[in-house]
Amino acid sequence: MPAAVIADVHLAYGRAVALRGLSLTVSQGRVTALLGPNGAGKSSAVALLAGLRRPRSGHVEVLGGKPGRYAARQALHVMLQEEGLPTGARGPEIVRHMARLRGAVPSADEAIARLGIDAFGRTSIRRLSGGERRRVSLACALVGSPRMVILDEPTSGLDPRGRSLVWEIIRELRDQGTTVLLATHLLDEAEALCDDVAILSRGRCLAQEPLESLVSSGQEQVTFDAPLRLDLSGLPHALPEGCVVNEAAPGRYVVRGPVDPRVLATLTSWCAEHGVMPRNLRAGHGSLEAAYSRLIAQDEGVE
Amino acid sequence: MSSTYLVVSQARLDLRIVLRNGEQLLLTLLIPLALLIALTLSDFVSLDVPTGVSRVDAALAAVLTVAVLSGAFTSLALSIGFDRRSGALLLLATTPLSRTGILVARSLSTLIVVLLQAAVLVAAAALLGWRPSVAAFGTLGVVVLGSFSLGALGFALGGAVRAEASLALANGIFLVLLFAGGVVVPASALPAWLGAVVQWLPSAALGDALRSLLAAAPGAMGLDLGLLIAWAALGVLITARTFKWD
Chain P
0 MPAAVIADVH
10 LAYGRAVALR
20 GLSLTVSQGR
30 VTALLGPNGA
40 GKSSAVALLA
50 GLRRPRSGHV
60 EVLGGKPGRY
70 AARQALHVML
80 QEEGLPTGAR
90 GPEIVRHMAR
100 LRGAVPSADE
110 AIARLGIDAF
120 GRTSIRRLSG
130 GERRRVSLAC
140 ALVGSPRMVI
150 LDEPTSGLDP
160 RGRSLVWEII
170 RELRDQGTTV
180 LLATHLLDEA
190 EALCDDVAIL
200 SRGRCLAQEP
210 LESLVSSGQE
220 QVTFDAPLRL
230 DLSGLPHALP
240 EGCVVNEAAP
250 GRYVVRGPVD
260 PRVLATLTSW
270 CAEHGVMPRN
280 LRAGHGSLEA
290 AYSRLIAQDE
300 GVE
Chain G
0 MSSTYLVVSQ
10 ARLDLRIVLR
20 NGEQLLLTLL
30 IPLALLIALT
40 LSDFVSLDVP
50 TGVSRVDAAL
60 AAVLTVAVLS
70 GAFTSLALSI
80 GFDRRSGALL
90 LLATTPLSRT
100 GILVARSLST
110 LIVVLLQAAV
120 LVAAAALLGW
130 RPSVAAFGTL
140 GVVVLGSFSL
150 GALGFALGGA
160 VRAEASLALA
170 NGIFLVLLFA
180 GGVVVPASAL
190 PAWLGAVVQW
200 LPSAALGDAL
210 RSLLAAAPGA
220 MGLDLGLLIA
230 WAALGVLITA
240 RTFKWD
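Listed in order, the protein sequences are those of chains P and G.
Quick note: the first sequence uses numbering that gives the first Met the number 0, first residue 0, plus one each step.
Quick note: the second sequence uses numbering that gives the first Met the number 0, first residue 0, plus one each step.
Think of the hints as simulated: they come from the structure by calculation, not from any bench.
What follows is a list of derived Cβ distance ranges for each label pair:
{"#": "1", "chain 1": "P", "residue 1": "ASP117", "chain 2": "G", "residue 2": "ASN170", "range": "36 to 46 Å"}
{"#": "2", "chain 1": "P", "residue 1": "ARG251", "chain 2": "G", "residue 2": "GLN23", "range": "46 to 56 Å"}
{"#": "3", "chain 1": "G", "residue 1": "SER1", "chain 2": "P", "residue 2": "ASN279", "range": "53 to 63 Å"}
{"#": "4", "chain 1": "P", "residue 1": "GLY300", "chain 2": "G", "residue 2": "LEU236", "range": "43 to 53 Å"}
{"#": "5", "chain 1": "P", "residue 1": "ARG68", "chain 2": "G", "residue 2": "ALA134", "range": "44 to 54 Å"}
{"#": "6", "chain 1": "G", "residue 1": "GLN23", "chain 2": "P", "residue 2": "ARG293", "range": "49 to 59 Å"}
{"#": "7", "chain 1": "P", "residue 1": "GLU208", "chain 2": "G", "residue 2": "GLY171", "range": "46 to 56 Å"}
{"#": "8", "chain 1": "G", "residue 1": "SER1", "chain 2": "P", "residue 2": "PRO105", "range": "11 to 21 Å"}
{"#": "9", "chain 1": "G", "residue 1": "ARG240", "chain 2": "P", "residue 2": "TYR12", "range": "13 to 23 Å"}
{"#": "10", "chain 1": "G", "residue 1": "LEU236", "chain 2": "P", "residue 2": "ARG55", "range": "17 to 27 Å"}
{"#": "11", "chain 1": "P", "residue 1": "ARG68", "chain 2": "G", "residue 2": "ALA164", "range": "30 to 40 Å"}
{"#": "12", "chain 1": "P", "residue 1": "ARG55", "chain 2": "G", "residue 2": "ALA164", "range": "20 to 30 Å"}
{"#": "13", "chain 1": "P", "residue 1": "ALA11", "chain 2": "G", "residue 2": "ALA167", "range": "21 to 31 Å"}
In this text, a Cβ means the ideal position worked out from N, Cα and C, and glycines have one as well.
This is chain P alone, in the form it adopts within the complex (with noise of 0.2 Å):
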């Protein structure tokens, strides 16, 4: 049974539509990404699941049963993207209100410890930096013992510390069974955490995958770093048969085709000859980030 379901859902703010018959399954246990450019409705997905929402039309299901109901208030624990932390409380002091009202107040010191809370714990969340009210949210979501957890760009404004911490939380999450849904912008921190990837653009879900299979549903490719506007025009007549090369973003070069040692090898000498170091240089399936803007650039074009 799927941790949460959403099916051909609509949601309009006043006449503002968000999702266009956006479906989705989470499954229990796993780190499912939520992924999408600005506005693709990916916090709207996370109000519905939080029982903040309700659909125009279509069907919402959290953990077995309505969302918002008391079972799924007890059982699945939101961090916001609004964090919705009150201004005028104290950061340890609104963690130990959290478990309270969770039954769990012994978990609170443990998470307020985790997340260095007590660093600023006389200071009003008013008065705290953008990644310490962050920290502060995220410690909100983890007292207790949540069944499902519901993070919506944890580590926005974070430094690389909290937002390494937050990733090994993540991964602990999922060790202890616990499933997670990661509402994200940041293609990396999927790529590293997940293990299901959906993807939304403009109020649909446009894929919904294991990581795996969608990185590899791309091409097998080289790609490498060098100096901006290469002058190419020997290098496919070197390379075998089927393959083609160019800069898909400024400074960065692929080779898309029938990618076998050969290519790498011709590759390389081809760089030698002309005096360009290919940094970087990475051969393999496209990365999340290939697929992302495939899907994306294929929506759009749908226009």
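Knowing the structure of chain P, use the given hints to seat chain G on it.
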């Protein structure tokens, strides 16, 4: 977790946050205190005091009305507006505390703050020569009823319109009612055309009820209490129908 425990926990947090915000609290207390002293010691405002009643009695009735208006209506609407804007109500709505529980908790903490303010004002009035009488015991009941009535309207305003609009309106309505809502100057002492409207407002009903009790002002107290109950019902109805959480 019993829902009572959750509501009490939430009310305690709400109360702690209010009480910690010292400057704000001082300001909401300072205005009625200054008004109490000014109304008692000078006659720059006609309080319409019946003969045989001292000015401090009428002044206390006026400032208690101000305290309930600012504490139960304005402060509550403002706190709801701020918490909607910051998303704090949404976050609470994802926890085991029910939505009704969130509003009940906020009502409790609001009532406690109003009662604390009323206690300070009564103590200050005693220093200025006010002496409690038997009728004054009804004051507590009227203050609670008035808090309920204006509080329900505070929820209605705080939750019905856009968060930013509710912040602006809460302050604007407070000022209008303070000067022309039958709070300090009774509706009966206003120009007839204005008084005819103002006497139906909850602020005037509360002011008149407190004046009847504390300053032996003539008037049908039953009607005032009925008005407060009717406004409370309207506030609850609007809140139930239109309250927005963000």
